[in-house]
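Peer 1: The chain contents come next:
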Amino acid sequence: MRIDLNGASHETAAPTLADLIVETGIEAAAVATALNGQFVPCAARASTPLTPGAKVELLAPMQGG
Amino acid sequence: MFYGIDLNTRLMLGTAQYPSPEVLRAAISASDAEVITVSLRREGPGGSGFRDILQDSGCRILPNTAGCHTVREAVTTAHMARELFGTPWIKLEVIGHADTLQPDPFALVEAARILCADGFDVFPYTTEDLIVGEKLIEAGCRVLMPWGAPIGSGQGLRNIGGLRAMRAHFPQVPLVIDAGIGAPSQAMQAMEMGFDAVLLNTAVAKALDPVAMARAFSDAITAGRLAREAGLMPARDMAHASTPVFGMAELLA
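Residue numbers (UniProt numbering), protein chains in the order written: chain X, 1 to 65; chain R, 1 to 253.
Calculated directly from the structure, the hints in this document are not laboratory data.
Every residue gets a Cβ at the ideal spot worked out from N, C-alpha and C, and that includes glycine.
Watch out, some of these pointers could steer you wrong.
To be verified - Chain R side only, calculated, beta carbon under 7 Å to chain X, not exhaustive:
1) Ala16
2) Leu40
3) Gly47
Said to hold, decoys possible - Which chain R residues stay away from chain X? Per the calculated CB distances, all over 10 Å, these:
4) Met1
5) Val38
6) Arg42
7) Gly44
8) Ala66
9) Met80
10) Gln102
11) Glu110
12) Glu134
13) Ala139
14) Pro150
15) Phe170
16) Leu232
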């Protein structure tokens with residue numbers, strides 16, 4: 001299915017948010033996640049299904065003022 | 001006292017816009033800051049190096065919600081930051097206008113209420129408006145962060161009278177001047193006026209020598225705080241001789 005990952009179109013077979021993170025190769029503890037504008041805690045990723053058109057944000061620490 | 005935490009040094013330093021990670025690392029060290037601000041952005045390359053700098057600094061992390069324009073964005077970002085950085089501290093920014101970067105006080109108060117109720121320690125980026133300050137306190141904030149001037153402008157304290165009134169109006173609330181500071185003298189002035197800390201970024205990051213400027217700000221803030229505690233003399237309209245007249249010789253022939 002096609003989803004929106006960090007603002008870019010992304011083709012994935014991952015059934016859940018946790019599976020998507022595994023698929024991207026990103027360290028799970030290094031990012032915070034949101035699905036369709038809602039925060040998804042780390043512990044809830046495995047029970048959060050992805051649907052076509054889902055908007056996923058994977059955010060990491062960045063420089064800030 | 002910032003949410004139960006005593007800080008020995010009163011400079012809070014932003015981590016953005018430095019010429020290199022090495023300069024950032026050295027500037028944090030030179031600043032003696034115990035609190036540094038960070039943000040959350042989309043995962044990209046080079047993230048682990050920044051995480052190492054944060055870890056090695058030994059500083060307390062104050063994540064921000066920079067760039068958020070709505071209550072919902074700010075609240076979601078705060079939740080993501082709390083999980084990622086393992087801290088309830090959040091520098092709450094809800095920006096009202098993309099050009100002026102002025103806080104939206106209405107959305108700010110609403111977001112603060114939601115986050116305080118959810119156990120966050122909220123550091124709201126606000127204006128010197130007293131009523132907004134009161135509403136933020138009512139919402140559960142135990143720190144207020146009035147701007148000195150617009151973010152990144154380097155103008156210093158643009159409304160001295162308003163900031164003085166704010167200091168007097170909230171004698172028990174830790175107040176941090178956040179944004180607009182361009183020179184160490186301006187940071188020192190804020191501390192002399194009784195503010196509890198100064199948060200700045202661009203003035204250090206964009207200096208020709210950010211490490212030296214970090215040291216300059218640290219020294220200025222230390223001096224300003226010491227001066228406040230020492231008690232500044234009141235200003236006078238007229239001259240007042242400091243050398244005694246008593247014992248003056250008669251030398252007119």
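Peer 1: Flag every earlier hint the structure violates by its number, smallest first.
Peer 2: 5, 6, 7, 8 and 9
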